[in-house]
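Enquirer: Residues per chain are reported as follows:
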Amino acid sequence: MLPSLGYGILVITLLVLIYSVAVAIYGEVKKSAAMVESARRAMLLALPLITVASAILIYLLINDRYDVEYVWSVTNRSMPMYLKITAWWGGQPGSLLFWSWLLSSFTSAVTLRKWDRDRELLPWVLVVTGITLAFFISLNVFFENPFKLVPAGVSIPLDGRGLNPLLRHPGMIIHPPAQYLGFVAFTIPFAFAIAALITGRTDDRWIRITRRWTLWAWLFLSLGLVLGMRWAYDVLGWGGYWGWDPVEIAALMPWLTGTAFLHSVMIQEKRGMLKHWNMILIILTFDLVIFGTFLTRSGVLSSVHAFAQSEIGPLFFVFIVFIFVASFALLIHRWVDLKSETEMKSMLSREALFLLNNLLFLSILVVSFWGVMFPLISELFTGSKVTVGPPFYERATGPLWGALMLLMGVAPLSAWGHSTIKTLGRSIWKPAVAALIAPIWALIAGITNWVALIGFTLIALVITVSIREFWRGAQARSKRSGESFFSELWKLIKRNRRRYGGYIIHISMVLMGIGIIGIELFQSDTQQHLGIGDQVELAGYTVQYDRLDQFRHEDGRFITRGEMSLSKDGKDLGTLAPRYDLYPDGQPMTIPAVRSTLVDDVYIILVNWEGITAESTPFKVYHNPLVKWVWIGGYVFIAGIIIAAWRDEEEEKI
Amino acid sequence: MKKFNILLLLIILLSLFSIGTVAAQGGTEEISDDEVNAIASQLFCPVCENTPLDVCETQACKQWRELIRLQLSEGATEAEVKQYFVDNYGARVLSEPPREGFSLLVYFVPPVIILLGIFILFRAFKQWQKNDEDEADASTTEASPVSASETSDPEDDYLARFEEELRKKD
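Chains as they are written, first to last, in the working numbering: chain A, 1 to 654; chain B, 1 to 170.
Next comes chain A alone, as it looks inside the complex (with noise of 0.2 Å):
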C-alpha cells in the first residue's frame, strides 16, 4: 500500500512538472499574466509532493519494509536510526529522489521570490528548472523506481543486505549532500542565464540576481569535495586523499567552470564586459553538473559497454546533449545582442588578469576532462582499454595550478581598467620579498626540492598579499576617520564582503596548497610483516608493535584490531590502534589509525589483506607532512565563502 502510494505520487508529481512546464510556455506566448502563474503554482507543489514521497521512503526505510527492493538493498536490522535515514541517499534509486527533493527545494524558494522587476524571466525560470526537475523524477518514475516491490512469489526476506560499510563514515554521510547541493544548485544561475537569453536582456541583471545563489552552489560543491577527500582519507586506507579517480574528477570539473565563472562575472558587473563567455560558462558548469552525475550514475567509467546495458545512462547522455546544443544555439541566437559596453584596455588590468585566471581553470578542466574521457574513447576506437592515472593528471595540472598561485598573489594588486609594470611593479616588490621568507626558511630547514621551494613562496606571497589588502584598507580608512583600526577592519569586511571574503578563500586554497605540497612531493612509507615487539623506523618516527586483538563487535562485525606505540627520539607519543572490520555481510573495512600534528600524520594501517598469521602481522606505515594544513585551510575556505555570500545589509533587495 505505502510503497504504491509513494510510486503514485512520484508519478503526479512529473504530471505537475510537465503541465508548469507547458503552462508557462504558453502563457508566455498567450502573453496571459494568469496561466504564467499557474504554472508558477504548479511548480510550487513539487517540494511538498516530492517531500511527501520521500517522507515514505524514510518511513519504509526506518521500518525495515524488506518487501521493498531498495530497503532491502540498503539497510540491515543491526543498523542504527541515523544511517537508516542516510540510506535514502545509500543507493541509485534514493539518490536521485534525494537529488530531485533538492532541487525542488531550490526550485521553490526561487519561484516564492518578489518578481516584480523580473516578471518577464519568470515563465523561463520556470520552464529550465521545471524540465530538470522533471528530468530526474522521470529517471525515478520510469527506471529506478525506489519504492519497487520484491517480484510477486518471491519470499519477503527476513533482513536486509545493508548499507556499504565504506558509506557509514560520517563524513560519507554528509559529503553526498554537500555535492549534490553544490550540483543542485547551479541549476537556478543556469536558468536565469537561460531565461536572459530567451528575453532578450542583456544586461547583468541575471548575474546580480543569481550572485548568491551562485556562491552558496560553489561553496556546497568545494564542501563537498572537501569532505569526500576527508573520507577518502579516514576510510579508503591507502594513504591519500586524492587520486585522480574518475569520481573525483566529475566532482571537480564543475567546480573549475564555476570557480572561472565565479571570477569573470565580476568583469561583466564591473566593466560591462565578457558577456558572451559568462553564458558560456555558467551552461558548460551546468552541463558539467548533470554530466558528473552521469559518469558516476551510468557505469558508463567502468566500460562502454556498462553503459549500453545500464537503463538510465543513454537518457542521461541525451539530456546533457539536449542542455548543450539548446544552450549554444540559443547563445549564438543572441550574439550580437551580447556586445560588450567598454573594451580592454591594458594586459595587465584586473579584468585582463582574470581572463587569465580563466585561461588557467579551463586548461585544468581540458587536461580533467580528456583525462577521463580518453580510456572510453580508446575502447570505442581500438577496443583495447587504457588507464589514465594520477601521473598523468599531476604531470599536466601541477604547473597550472602554480601559475593560479601566482595570479592569486598578483591579480589583487593590480587596477580595474588599467596597470602598467610599472604600477605592478611598485606594488608588489614589499609582498614579494617578504614572500622570499618562506623558502629561505625551507631551505634552512634542510628542503631542497625546487617545487616545493616555489610552491611554498608563491604560497607566502599569497597570504602575504592578501593579509596586507586587509590591513592596508583598515589603516588608511582608520586614518581617515579616527575610528580604531579593528572596528575600521570589521567595517570594512561587512562592506565589501565578496572582496574580503575572496582573500580569505584565496588564504585557505594556498593553506590547502601547503598539505598538497607536503603529502605529493614528500609523502614516504613501508610495509613490513610484524611480530609482537618488533619495530618499524620511518621518517624519525618508530613505531613498535604491542598486541593483537581479535574480537566480535555487538553490532556483529569482527574486528581485528592492532595497538601500536608511537615514538620520535625516545620520546613516547602514545598508542594507535589500526583496525581491520569485517561486517556480517562479508563487507570489509580498514580502518587507518592517525596521529596528526601540524608538521606531519604517522598513518598506520593493517594490510589485512595480505594475510595475519600467528607470527606476523602485516602493516603499512605512512609519513605525510603537512597534511594537516589540507582540513585547515578547509576550514579557513568555509569561513570565507560564507562572509562571502552572507547577505549584504546595503546590498540593493533582490
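Treat the hints with care, since some could be wrong.
Computed list of lysine to any residue pairs in SDA-like fashion (alpha-carbon distance at most 25 Å, straight line) [what the hints assert, rightly or not]: (1) A:479 / A:426; (2) A:628 / A:385; (3) A:385 / B:125; (4) A:385 / B:130; (5) B:126 / A:417; (6) A:148 / A:25; (7) B:126 / A:280; (8) A:30 / A:114; (9) A:114 / A:247; (10) B:130 / A:417; (11) A:422 / A:454; (12) A:339 / B:41; (13) A:568 / A:529; (14) B:126 / A:479; (15) B:62 / A:534; (16) A:339 / A:277.
A short list of chain B residues far from chain A (calculated; beta carbon distances all over 12 Å) [said to hold, decoys possible]: (17) 37; (18) 42; (19) 73; (20) 75; (21) 77; (22) 79; (23) 80; (24) 84; (25) 96; (26) 113.
Estimated spans, in silico, between C-beta atoms of each pair [what the hints assert, rightly or not]: (27) A:547 / B:104: 52 to 60 Å; (28) A:12 / B:62: 30 to 38 Å; (29) B:59 / A:550: 40 to 48 Å; (30) A:406 / B:83: 25 to 33 Å; (31) B:32 / A:436: 23 to 31 Å; (32) A:547 / B:86: 23 to 31 Å; (33) B:79 / A:567: 38 to 46 Å; (34) A:82 / B:32: 38 to 46 Å; (35) B:62 / A:448: 48 to 56 Å.
Derived from the structure by calculation, the hints contain no laboratory data.
In this text, a Cβ means the ideal position worked out from N, Cα and C, and glycines have one as well.
Got chain A; can you put chain B on it based on the hints?
Expert: Relative to the frame of chain A, chain B by itself:
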C-alpha cells in the same frame, strides 16, 4: 657422438638453470614488501576499476603481488615486470597510456587545445588594445586618473584606487 655431445650440453645447461631457480627460491624472502609495492603502486589492478595494485584488497591482486615478488627474486628488473603485466593483461595495467599509436592522442590533445586558448585570448587582447588606441585618437582629452597616479607615490595610488572602488560600491 655429436648427438650425445648436444644432449650433454643440454643436461649441463638445464642443471645450471635449476640451480639458478633453487637459488632464486631461496632468495624469495629477501624481496621486501616495499620493493614489491614500489612496482605494484605503478600498476593498476587488471580486474578492478582504477585501483592501484599495491592497495588492492582482492585475492587476485595478492597473487599478482606475489608474482612480482617472484619475478624480482628471479632477477627481473622493474621494466621487465611491468612489461610482463602489459603483455599478459594489456596496456590498462599501466598508470598512463603507452606513448605510442592511438594513445599518443592523450598527450597531444590537451596542449593543442590550451595553446589554441592562449592564441585566442592573445588575439582578443591585441584587438582590444587596437580598438582602445583608435578611441584614444578620437578623444585625446579624456583625463585618466591612472596616468596621473603613475607619477605619484604608490601608496597614494593605492589609496586613490581603494577609495574609488569603495565609492563605486555605493
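Enquirer: All the hints need checking, so say for each whether the structure fits it.
Expert: Hint by hint, here is what the structure shows:
no.	hint	verdict
1	A:479 / A:426	holds, 22 Å
2	A:628 / A:385	violated, 36 Å
3	A:385 / B:125	violated, 42 Å
4	A:385 / B:130	violated, 49 Å
5	B:126 / A:417	holds, 15 Å
6	A:148 / A:25	violated, 34 Å
7	B:126 / A:280	holds, 22 Å
8	A:30 / A:114	holds, 23 Å
9	A:114 / A:247	violated, 38 Å
10	B:130 / A:417	holds, 15 Å
11	A:422 / A:454	holds, 24 Å
12	A:339 / B:41	violated, 52 Å
13	A:568 / A:529	holds, 21 Å
14	B:126 / A:479	violated, 41 Å
15	B:62 / A:534	holds, 24 Å
16	A:339 / A:277	holds, 11 Å
17	37	violated, 6 Å
18	42	violated, 8 Å
19	73	holds, 16 Å
20	75	holds, 22 Å
21	77	holds, 19 Å
22	79	holds, 16 Å
23	80	holds, 20 Å
24	84	holds, 17 Å
25	96	violated, 5 Å
26	113	violated, 5 Å
27	A:547 / B:104: 52 to 60 Å	holds, 54 Å
28	A:12 / B:62: 30 to 38 Å	violated, 52 Å
29	B:59 / A:550: 40 to 48 Å	violated, 20 Å
30	A:406 / B:83: 25 to 33 Å	violated, 40 Å
31	B:32 / A:436: 23 to 31 Å	violated, 42 Å
32	A:547 / B:86: 23 to 31 Å	violated, 43 Å
33	B:79 / A:567: 38 to 46 Å	holds, 39 Å
34	A:82 / B:32: 38 to 46 Å	holds, 44 Å
35	B:62 / A:448: 48 to 56 Å	violated, 38 Å
Checked against the numbered hints given earlier, the structure breaks hints 2, 3, 4, 6, 9, 12, 14, 17, 18, 25, 26, 28, 29, 30, 31, 32, 35 and satisfies all the rest.
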